[in-house]
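Given next are the chains, with one letter for each unit.
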Amino acid sequence: MSAPNDDNASAHSQLSSHFFAGLLDSIIVDVASECHRIARLGLDRNLEEEEEELRLSAQARVRVADPSNSGEVNNKHVVDIFGQTHPAVANEIFECMNCGRSIMAGRFAPHLEKCMGKGRKARLKSTRSSKTPQNRYSRGSPVSTYYTYSNSASVNRIVNGTPGPTGEEYADGTFEET
Amino acid sequence: MRPSINRPPTPEAEEDQEKEPTLQEIINIKLIESGEKERLKELLRERLTECGWRDEMKALCRAFTRKKGRNNVTVDDLVHVITPKGRASVPDSVKAELLQRIRTFLVSAAL
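These protein sequence lines are chains Z and L, in that order. Reminder that position 124 of the first sequence reads as 124 in the UniProt record's numbering, one-by-one numbering, no gaps. Reminder that position 84 of the second sequence reads as 84 in the UniProt record's numbering, one-by-one numbering, no gaps.
The hints are simulated quantities; they were obtained by calculation from the structure and are not laboratory data. Glycine is no exception: its CB is placed at the ideal position from the N, C-alpha and C atoms. Among these hints, one or two may not hold up.
To be verified - One-sided excerpt, in silico: chain L residues whose CB lies under 10 Å from chain Z:
1. Ile5
2. Arg7
3. Asn28
4. Ile29
5. Lys41
6. Asn71
7. Thr74
8. Ile82
9. Val90
10. Ser93
11. Lys95
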């Protein structure tokens, strides 16, 4: 019973292989034909590949050996891989959102430090400026009275030589008259 | 008028019927008529491109062309260059897949 099937199977295998070979040969001819076309029409730019490689590597070597190029500083600025140069400090100008001044982009960070009170100096500046009005009011009178007091005293001594109550002759009548 | 007398006799129509088409020929005709042959060829082409076989063959052709000179190559040359390597370097999985499909067709065509 299995014999005919075996025959069938082997016949099938043989036929399958035969047709597979036929398909493969057909595709081989297609590839050969395409390559022939490319060769004849000169569409393969790098056909002389070794020559091309040698030429390109020689060019690259020259460029690397040349000291005034790429990563190194060229004239004044560094040249990047696209051949662009950028100034050392970004020079676009815009408005600071905190104080409203026109600031250069490259100087923006230090400006913000001062502007928003991150640094020591900035903080002192803000505390001084905010507390000074209060000082004037709280200590203002004693200071001024002290001043007038000492002024009148010294004036009296200088003019009269006696520490007597002669303050009445003077305009600032803060001196006590006994 | 005379040269026409030397013409060999036209073969009889019955003579063609004596030649039985071989099994292979029958299958071939069935493959083509059903469109399966084209599908199989496309499948094989796709598989061979995917696995880099096609690029290998093209590289062989380019190497040969470089040696022989662009304008001296013929299609025949290139076919001879790539046939041995080409037949030998088909991946087993690709071959198995195609064989399986062909066998399925043979069974379904009740041959």
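Results for each hint:
| no. | hint | verdict |
| --- | --- | --- |
| 1 | Ile5 | violated (43 Å) |
| 2 | Arg7 | violated (36 Å) |
| 3 | Asn28 | holds (8 Å) |
| 4 | Ile29 | violated (12 Å) |
| 5 | Lys41 | holds (5 Å) |
| 6 | Asn71 | holds (7 Å) |
| 7 | Thr74 | holds (7 Å) |
| 8 | Ile82 | holds (6 Å) |
| 9 | Val90 | holds (7 Å) |
| 10 | Ser93 | violated (13 Å) |
| 11 | Lys95 | holds (7 Å) |
The structure shown violates the earlier hints numbered 1, 2, 4, 10.
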